[in-house]
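Protein chains in written order, with our numbering: chain A, 1 to 132; chain B, 1 to 329.
In case anyone wonders, no lab produced these hints; they're calculated from the structure.
One should not assume that every hint holds.
A short, non-exhaustive set of chain A residues, derived as facing chain B with CB atoms under 7 Å [what the hints assert, rightly or not]:
no.	residue
1	Ala-4
2	Lys-6
3	Arg-8
4	Ile-9
5	His-12
6	Ala-35
7	Gln-39
8	Leu-40
9	Val-43
10	Leu-46
11	Glu-49
12	His-74
13	Leu-125
We put the beta carbon where it would ideally sit given N, CA and C, even for glycine.
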Amino acid sequence: VNSAPKIRIDLHSTVPVYRQIVDALRVHLVAGTLAPETQLPSVRRLAMELGVHFNTVGEAYRELAAEGWLNLRHGRRVTVMARVQPATAAPGQIAEFRVRLRSIVAQLRAAGVPSPAIGAELRKLAQELKSI
Amino acid sequence: MNGAVFIALPMLALCWAIMFVLPHLSPLRYFFAITVPPDFPSGESGRAILRRYHWRLAALLLCSVASVWPLAAYSPVLAIAYSMMLPVVGGMACFLLARNQVRRFSASLPPLREAELSTAPDRLPRWIALALPPFAAPLATAAYLRAHWAEIPARFPLHYDLAGTPDRWAEKTARGIYGPLLFAAGLMLLLLLLCVAIFHGARRGRQRAAMLKLEIAALYFMAYIFAIVALMPLLHISLAASLLPTVLFVIGVAAWGYKLARDPEMPVDPTPDQYWRLGSFYYNPNDPAIFVQKRIGLGYTLNFGNPFSWITTGMVAAGVIALALVLPR
Numbered sequence: 001v002n003s004a005p006k007i008r009i010d011l012h013s014t015v016p017v018y019r020q021i022v023d024a025l026r027v028h029l030v031a032g033t034l035a036p037e038t039q040l041p042s043v044r045r046l047a048m049e050l051g052v053h054f055n056t057v058g059e060a061y062r063e064l065a066a067e068g069w070l071n072l073r074h075g076r077r078v079t080v081m082a083r084v085q086p087a088t089a090a091p092g093q094i095a096e097f098r099v100r101l102r103s104i105v106a107q108l109r110a111a112g113v114p115s116p117a118i119g120a121e122l123r124k125l126a127q128e129l130k131s132i
Numbered sequence: 001m002n003g004a005v006f007i008a009l010p011m012l013a014l015c016w017a018i019m020f021v022l023p024h025l026s027p028l029r030y031f032f033a034i035t036v037p038p039d040f041p042s043g044e045s046g047r048a049i050l051r052r053y054h055w056r057l058a059a060l061l062l063c064s065v066a067s068v069w070p071l072a073a074y075s076p077v078l079a080i081a082y083s084m085m086l087p088v089v090g091g092m093a094c095f096l097l098a099r100n101q102v103r104r105f106s107a108s109l110p111p112l113r114e115a116e117l118s119t120a121p122d123r124l125p126r127w128i129a130l131a132l133p134p135f136a137a138p139l140a141t142a143a144y145l146r147a148h149w150a151e152i153p154a155r156f157p158l159h160y161d162l163a164g165t166p167d168r169w170a171e172k173t174a175r176g177i178y179g180p181l182l183f184a185a186g187l188m189l190l191l192l193l194l195c196v197a198i199f200h201g202a203r204r205g206r207q208r209a210a211m212l213k214l215e216i217a218a219l220y221f222m223a224y225i226f227a228i229v230a231l232m233p234l235l236h237i238s239l240a241a242s243l244l245p246t247v248l249f250v251i252g253v254a255a256w257g258y259k260l261a262r263d264p265e266m267p268v269d270p271t272p273d274q275y276w277r278l279g280s281f282y283y284n285p286n287d288p289a290i291f292v293q294k295r296i297g298l299g300y301t302l303n304f305g306n307p308f309s310w311i312t313t314g315m316v317a318a319g320v321i322a323l324a325l326v327l328p329r
């Protein structure tokens, strides 16, 4: 039996909860584990399961809808849209990615995660990207 | 010796026994309704707090036994009320005292929360249909009473005093005869609706199904007890016929509750400590759940930070008051 994908949030994280939900959902959307036409749980249901305010989930859904990932038509279920990927990335995207990546690596190292473990994770991610 | 003592003393013993085992009836992750590390209750500090709690309870029990005796001679009814109220008030004071001591050792729950992105409908299990047969009991009892209407005396006892002598009577009217059955059916329906509300208003998890099973067992018990009460004008039913199943039901529920609460596999509702008041009242306006897992005993309680909780409370209270109006006077 295929189980539904899951998302996870960390209440102690400095990253706002709505941002964590957006990021976690985007990982599934980009990877295709949430394919177009897939229905997502209602704002109420997801908020209840995560134990966060409705507005937090609503804001996350709205942000993904603005990015073109979700269809949020009033009175209907939240569905994943077939999003057309831009042909060229906006300038500065890679530079921003580099800054964020370095920041995450620094955070992990500060938290005591050994460098080889971080490197292994990055190599694994690079392999996954090659196969797409 | 005053007969009230024979009621008040066992009542005291039962209430104190419940207070005595209360810390053991909570889910494993909580100790006196505070989140603690899993090995804390069996550690030195945990055992010392528990020991002090039990000593305080024992001292209070001795005082209450000594005071219930003269009170029974003065007012039997007051002695019985006192024997029920004192363990609850005194026991809760001891519990809160111990809770304050545990607070120093509190550990936060893991901050990670996970949710399945499933849109599978959150349906009630099929075995919820087992909640329907108990509703046949009031109907069958009413049919039996109607068939034997002529045999019902014009006036029948409604209440007995401590000596077993009737002290309140009811007339043979439709309200007098069918009132308790209507009250029972309404109360059972209210309980069933509350079960459904809890199922849909709480987070998904194994505890929801356990709670439903417990409520269904309660429906069967209520059907039996109210059928006996309704048949009293017609049949002579011994006290043991109602008392024995009540004792068995309470023991069964306590044993089952203990087993479920101490199950290490049972998921814990992620409710932060700071939103709990006196260990029993949950107030978190940011949590959309209407019902959350209790920290003392088994079951669910309301999230008073959610406006729907107040609506639910109001509807249940209004339902019980409306049902009480159909009872014979």
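Hints, verified against the model:
no.: 1; hint: Ala-4; verdict: holds, 4 Å
no.: 2; hint: Lys-6; verdict: holds, 5 Å
no.: 3; hint: Arg-8; verdict: holds, 5 Å
no.: 4; hint: Ile-9; verdict: holds, 5 Å
no.: 5; hint: His-12; verdict: holds, 4 Å
no.: 6; hint: Ala-35; verdict: violated, 12 Å
no.: 7; hint: Gln-39; verdict: holds, 4 Å
no.: 8; hint: Leu-40; verdict: holds, 6 Å
no.: 9; hint: Val-43; verdict: violated, 9 Å
no.: 10; hint: Leu-46; verdict: holds, 6 Å
no.: 11; hint: Glu-49; verdict: holds, 4 Å
no.: 12; hint: His-74; verdict: violated, 18 Å
no.: 13; hint: Leu-125; verdict: violated, 21 Å
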